[in-house]
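Each protein sequence line maps, in turn, to chains A and B.
Counting in this note's numbering, the first sequence runs from 534 upward without gaps.
Counting in this note's numbering, the second sequence runs from 41 upward without gaps.
Think of the hints as simulated: they come from the structure by calculation, not from any bench.
All values derive from a computational prediction rather than experimental measurement.
Check the hints yourself; a few may be wrong.
To be verified - The calculated BS3-like cross-link candidates involving lysine-lysine, where the alpha carbons are at most 30 Å apart (straight line), are:
id, chain 1, residue 1, chain 2, residue 2
1, A, Lys-707, B, Lys-170
2, A, Lys-803, B, Lys-172
3, B, Lys-357, B, Lys-401
4, B, Lys-357, A, Lys-733
Said to hold, decoys possible - Residues of chain A clear of chain B, computed beta-carbon distances all greater than 12 Å:
id, residue
5, Gly-554
6, Pro-587
7, Gly-661
To be verified - Which bits of chain B does chain A cover? Going by a derived footprint, with three or more residues having C-beta under 8 Å, they are:
id, segment
8, 107 to 113
9, 125 to 133
10, 137 to 150
Ideal Cβ positions, reconstructed from N, Cα and C, are used throughout, including at glycine.
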Amino acid sequence: MLNFNMLSLKQRRRLNTVLLGTLAWGVALVIFFPIFWMILTSFKTEIDAFATPPQLFFTPTLENYTQINERSDYFHFAWNSVVVSFGSTIIGMMIAVPAAYSMAFFETKRTKTTLLWMLSTKMLPPVGVLVPIYLLFKDMGMLDTRLGLVIIYTLINLPIMVWMAYTYFKEIPKEVLEAARMDGASLLQEIWRVLLPMSKGGLASTVLLSLILCWNEAFWSLNLTASKAAPLTALIASYSSPEGLFWAKLSAVSTLACAPILIFGWFSQKQLVRGLSFGAVK
Amino acid sequence: MADLTITNLRKSYGDVEILKGINLAIKDHEFVVFVGPSGCGKSTLLRSIAGLEEVTSGEIFLDGKEITELAPAKRDLAMVFQSYALYPHMTVRKNMSFALELAGDSKDVINTKVTEAARILELEPLLERKPKDLSGGQRQRVAIGRSIVRNPKVFLFDEPLSNLDAALRIQMRLELARLHHDLNATMIYVTHDQVEAMTLADKVVVLSQGQIEQVGSPMELYHHPVNQFVAGFLGMPKMSFLPGKVVGSDADGVDVELMAGPGVRVPVTSEGVSIGQKVTLGVRPEHIRVTAADESDFHGILDIAEHLGSDTFCYVKTDTKETLTVRTPGDFSGAYGDRIGLSLDLQHCHLFDEQGMAIAKLNRAPEPA
Ligand SMILES: Nc1ncnc2c1ncn2[C@@H]1O[C@H](COP(=O)(O)OP(=O)(O)OP(=O)(O)O)[C@@H](O)[C@H]1O
Ligand SMILES: [Mg+2]
Numbered sequence: 534m535l536n537f538n539m540l541s542l543k544q545r546r547r548l549n550t551v552l553l554g555t556l557a558w559g560v561a562l563v564i565f566f567p568i569f570w571m572i573l574t575s576f577k578t579e580i581d582a583f584a585t586p587p588q589l590f591f592t593p594t595l596e597n598y599t600q601i602n603e604r605s606d607y608f609h610f611a612w613n614s615v616v617v618s619f620g621s622t623i624i625g626m627m628i629a630v631p632a633a634y635s636m637a638f639f640e641t642k643r644t645k646t647t648l649l650w651m652l653s654t655k656m657l658p659p660v661g662v663l664v665p666i667y668l669l670f671k672d673m674g675m676l677d678t679r680l681g682l683v684i685i686y687t688l689i690n691l692p693i694m695v696w697m698a699y700t701y702f703k704e705i706p707k708e709v710l711e712a713a714r715m716d717g718a719s720l721l722q723e724i725w726r727v728l729l730p731m732s733k734g735g736l737a738s739t740v741l742l743s744l745i746l747c748w749n750e751a752f753w754s755l756n757l758t759a760s761k762a763a764p765l766t767a768l769i770a771s772y773s774s775p776e777g778l779f780w781a782k783l784s785a786v787s788t789l790a791c792a793p794i795l796i797f798g799w800f801s802q803k804q805l806v807r808g809l810s811f812g813a814v815k
Numbered sequence: 041m042a043d044l045t046i047t048n049l050r051k052s053y054g055d056v057e058i059l060k061g062i063n064l065a066i067k068d069h070e071f072v073v074f075v076g077p078s079g080c081g082k083s084t085l086l087r088s089i090a091g092l093e094e095v096t097s098g099e100i101f102l103d104g105k106e107i108t109e110l111a112p113a114k115r116d117l118a119m120v121f122q123s124y125a126l127y128p129h130m131t132v133r134k135n136m137s138f139a140l141e142l143a144g145d146s147k148d149v150i151n152t153k154v155t156e157a158a159r160i161l162e163l164e165p166l167l168e169r170k171p172k173d174l175s176g177g178q179r180q181r182v183a184i185g186r187s188i189v190r191n192p193k194v195f196l197f198d199e200p201l202s203n204l205d206a207a208l209r210i211q212m213r214l215e216l217a218r219l220h221h222d223l224n225a226t227m228i229y230v231t232h233d234q235v236e237a238m239t240l241a242d243k244v245v246v247l248s249q250g251q252i253e254q255v256g257s258p259m260e261l262y263h264h265p266v267n268q269f270v271a272g273f274l275g276m277p278k279m280s281f282l283p284g285k286v287v288g289s290d291a292d293g294v295d296v297e298l299m300a301g302p303g304v305r306v307p308v309t310s311e312g313v314s315i316g317q318k319v320t321l322g323v324r325p326e327h328i329r330v331t332a333a334d335e336s337d338f339h340g341i342l343d344i345a346e347h348l349g350s351d352t353f354c355y356v357k358t359d360t361k362e363t364l365t366v367r368t369p370g371d372f373s374g375a376y377g378d379r380i381g382l383s384l385d386l387q388h389c390h391l392f393d394e395q396g397m398a399i400a401k402l403n404r405a406p407e408p409a
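All chains should be built: construct the whole structure from the sequences, respecting the hints.
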């Protein structure tokens, strides 16, 4: 019988590591499984994809991908995704950095309240403002435009971006910025040459998160675009209707839509993990 | 040239007034030290001079030009922070050249100035390192280097040595004194370490609760404090205070009867002193002598004696339970609980009235030049 109390400290620590490791792997597998299954399905024929019980072993085919390539212009949608994601992230950062700077270094009595209020707007279900926004966009002729999407994405992501940048700026000792001011730096030089380099890790995570959120956003892109400005999420949706569900093709198009951001995420995972733990891991 | 004049400076945070009307004149080349207890507003005053805090009212003039509203960058002052505040992403060289780059100096000029500063502060081997790879003392030297390359009108220091260990502190203190001498610069220095204040300053400014208590040379403050606060604040160990009341006075001094027993005659002016008035006698540890119990009419019980080697500081309880600090020679051999006699050097004692203001001495020692 294994008695936990009888283990030495070292053994206990090792056991802990093993248990934690197993758990982490388990969770990771559960989370990754749908993606794995999607990729797998994308290489099946439609018949195989429907088979019960599901098949793990089959003859892979590229047929789905060729069909998608014939039916729709992948690069049109991908380009829209790129433009919209990067556009809104750049504009978002240009607003979030000054906002967070003033909140972090020139705090007033209402700064905390403002931050909370900003975050609370994220709790509103987006569908609640769909109609007014739709009408507004219609009046301004921004339906199905990339500019429209950029604006809406910037607005929905700003609270998170400001909040994140604020958290990173808070970790920077204010004396360093004051030293720059004493050294003769203007406001812009202080931000550009001292603040940004000092928080570049955190800000990079903010940028990454914003890119990912924009890339994956599906509510507004489906409702505000039709074809001209439609990003990859809209492409996926177009495969789920109206002729019924084609699992294999749907999986293939999803794979194509996810691939860029997955690869991107893979390369930046270290940065992302560090950033999302909000400076807890140094 | 760098004359700094501050007139009626006030600063409030919300309803709390932190600086309550500061008037101060600092002359060119002076080493001025602000001392005072924690929270009295030293840093706030320094930061107001730097332009890092907005003041509520009052004016600051530098060389006759008003700078009260000027941005810190435009004041031509350099500041060394307690936390060093180095740019962590820049090498030592970059840290020092940053201000010069912003000012638009040419590469050659920057190089010469940085090399010179590095030589003065012995930083040459460290120029390519990042701040995180330096020790505390080295970081402090970089922070000082960063300020001297600019050749500013006034150097501002906010407790620059308080994060260093004792030995390094003494070394840096000497370096600062040397630097002040070599650069012939105007320096304002905040500290609550009175050894730093006494050793570095040409002029000490004692602050308490947002007000200036006294301004003067270290020796003047030590020997002629204007009030009980300054008297008690400067000096290690502290001056002891004995309550008493005036029983008589004439042109040669004031007779005081101490609560603790003896009557003493203190050579202070009798002007404005009335019989029966409550007063406090202040006496420094070095101005009390321990005698045999039967040689004096002033007695006490020996409490703890601290042997420092060169000196022994004795804490003595009087019959009325006041504690006196007495400096005795290093070989002092009294034991805990001994009853001892005390003799006061009345020439050097201070007398304070009920408001804690010093009563002027008759025999004011001539100022050391
Ligand atoms: N931003 C602020 N808001 C409100 N009060 C403040 C602020 N900054 C400082 N104070 C108050 O002002 C007073 C003076 O502060 P200051 O930092 O000048 O003291 P100090 O003399 O430098 O003390 P120390 O020796 O501890 O550094 C303190 O009571 C402090 O609580
Ligand atoms: Mg301070």
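Here's how the hints hold up against the structure:
1. Taken as a hint, the Lys-707/A and Lys-170/B pair is honoured in the structure, with Cα atoms around 19 Å apart against an allowance of 30 Å.
2. For the hint linking Lys-803/A to Lys-172/B, the alpha-carbon distance of about 22 Å falls within 30 Å, and the restraint holds.
3. Note on Lys-357/B and Lys-401/B: the hinted pairing holds, with a Cα-Cα distance of about 27 Å set against a maximum of 30 Å.
4. About 62 Å separates the Cα atoms of Lys-357/B and Lys-733/A, which puts this hinted pair outside 30 Å; it is violated.
5. Every Cβ of chain B is farther than 12 Å from the Cβ of Gly-554/A; the closest lies at roughly 32 Å, confirming the non-interface assignment.
6. The beta carbon of Pro-587/A sits about 52 Å from the closest Cβ of chain B, which is more than 12 Å, so the claim that it is off the interface holds.
7. Its beta-carbon lying about 39 Å from the closest one in chain B, Gly-661/A satisfies the requirement of being farther than 12 Å from that chain.
8. Evaluation of the coverage hint for the segment 107 to 113 of chain B: fulfilled, as 3 residues show C-beta separations to chain A shorter than 8 Å, against a requirement of three.
9. Chain A is given as covering the segment 125 to 133 of chain B, and this holds because 5 residues of the stretch bring a CB closer than 8 Å to a CB of that chain, at least three being needed.
10. Closer than 8 Å: that is the beta-carbon criterion, and the segment 137 to 150 of chain B has 4 residues meeting it against chain A, so the requirement of 3 holds.
Of the numbered hints given earlier, the model fails hint 4 alone.
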